[in-house]
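Enquirer: Okay, here's what each chain looks like letter by letter:
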Amino acid sequence: MSAITIHLISDQDLVQKYIIGHEPSLEELIRRHKTKIYTSIYLLVKDSYLAEDIFQDTFIKVINTLKAGKYNEEGKFLPWVIRIAHNLVIDHFRKEKRKPLVTTVDGFDIFELIKFYDDSTEDKIIREQTHKDLRELINHLPSDQKEVLIMRHFGELSFKEISDITGVSINTALGRMRYALNNLRKMILTRELSLKNI
Amino acid sequence: MIEISTPKTHSLKLKEVNKDITAEDLSEEDQSFYTAIKPCLNAMAKNPSQDTISNLVNYSKSI
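Just so you know, the protein sequences line up as chains A and B, in that order. If you read the first sequence in our numbering, its first letter stands for residue 3, the second for the next number, and so on. If you read the second sequence in our numbering, its first letter stands for residue 11, the second for the next number, and so on.
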């Protein structure tokens, strides 16, 4: 099977091929979803070494489950893997006896409202700084809101899938997304962060 | 006379499916704000190291 052909195969078919011994299918599944899964983990634990460990443990569980023939074909592959990763993140915080950081917005620098629209070096620097600032704001969201935002954006999960993973109703998941966006908007206004710099 | 009824579970399921609308469930204001911050969110994407991926591939081949 050529490298081009394997890119066209659905997740579900790759899973089936892997179960019957086609190892390159696993590599393709990892290649396809590694950014979404790793970013989802990293943004929750905020430590790249820990995120690497949890990413690895997640896929070890995936591999073991698939090789043992215990995979439930009814679910989609990505939501299933994200659920495993999410549970491992929760296990980690339980072991550490702490929750992901939930803090106030105190201690932030006031962002300067400078508007540049061209792609100058200065513009690039400002945009990168704005991204960094917004990333910090996201880190300051309450953990349940940040979790939904991350799963929705990076995992591309539906609110139904998020509700299944987090064990809340669809309305609660949706409400958390709304609160997350509202809180971010408020923090941006408070800090005078210009969305034009994004 | 034939009695026709809808199973209770079926109507509940439909409600559940109808709730599973993603972007449309956010208000217009929320949606446009989300669209505005998407490039920033995308810029936050990170990848695991190649070593981690190689370890996984090797682990899979070893069992």
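Any given hint could be a false lead.
Going by beta-carbon spacing under 7 Å, a handful of chain B positions derived as facing chain A [claimed, not checked]:
id : residue
1  : GLU38
2  : CYS50
3  : LEU51
4  : MET54
5  : ALA55
6  : LYS71
Taking lysine to aspartate or glutamate and the EDC-like style, the derived pairs with C-alpha atoms no more than 20 Å apart in a straight line are [claimed, not checked]:
id : chain 1 : residue 1 : chain 2 : residue 2
7  : A       : LYS162    : B       : ASP61
8  : A       : LYS162    : B       : ASP35
9  : B       : LYS71     : A       : GLU29
10 : A       : LYS63     : B       : ASP61
11 : A       : LYS36     : B       : ASP61
12 : B       : LYS71     : A       : ASP59
13 : A       : LYS162    : A       : GLU76
14 : B       : LYS56     : A       : GLU54
Rather than coming from a laboratory, the hints here were simulated on the basis of the structure. We treat Cβ as the ideally placed atom computed from N, Cα and C, and that holds for glycine.
Enquirer: Indicate, hint by hint, whether the structure satisfies it.
Expert: Quick rundown of the hints versus the structure:
Checking GLU38 of chain B against chain A: minimum C-beta separation of about 12 Å lies over 7 Å; hint violated. Of the supplied interface hints, the one on CYS50 of chain B holds, with its beta-carbon coming within about 5 Å of a beta-carbon of chain A, less than 7 Å. Taking 7 Å as the C-beta contact cut-off toward chain A, the hint placing LEU51 of chain B at the interface holds, the least distance being around 5 Å. Annotation: MET54 of chain B was flagged as interfacial toward chain A, and the flag holds, the nearest CB pair being 5 Å apart, inside 7 Å.
With a least beta-carbon distance of about 5 Å to chain A, the hint placing ALA55 of chain B at the interface is held under the 7 Å criterion. A hinted interface residue such as LYS71 of chain B counts as satisfied when its beta carbon comes closer than 7 Å to some beta carbon of chain A; here the least separation is about 6 Å, so the hint holds. In summary, the hint linking LYS162 of chain A to ASP61 of chain B is not supported, as the alpha carbons are separated by about 34 Å, beyond the 20 Å threshold. With a C-alpha separation of about 12 Å, the suggested pair LYS162 of chain A and ASP35 of chain B falls inside the 20 Å cut-off, and the hint holds.
Of the pairs offered as hints, the one joining LYS71 of chain B and GLU29 of chain A holds, with about 11 Å between alpha carbons and a cut-off of 20 Å not exceeded. Taken as a hint, the LYS63 of chain A and ASP61 of chain B pair is honoured in the structure, with Cα atoms around 18 Å apart against an allowance of 20 Å. With a C-alpha separation of about 13 Å, the suggested pair LYS36 of chain A and ASP61 of chain B falls inside the 20 Å cut-off, and the hint holds. Taking the CA atoms of LYS71 of chain B and ASP59 of chain A, the gap is near 16 Å; set against the 20 Å cutoff, the hint holds.
Simply put, LYS162 of chain A and GLU76 of chain A have alpha-carbon atoms about 15 Å apart, close enough for the 20 Å limit, and the pair holds. Using a Cα cut-off of 20 Å, the hinted pair LYS56 of chain B and GLU54 of chain A holds, with the two alpha carbons roughly 11 Å apart.
Hint check: violations occur at hints 1, 7; the rest are consistent with the structure.
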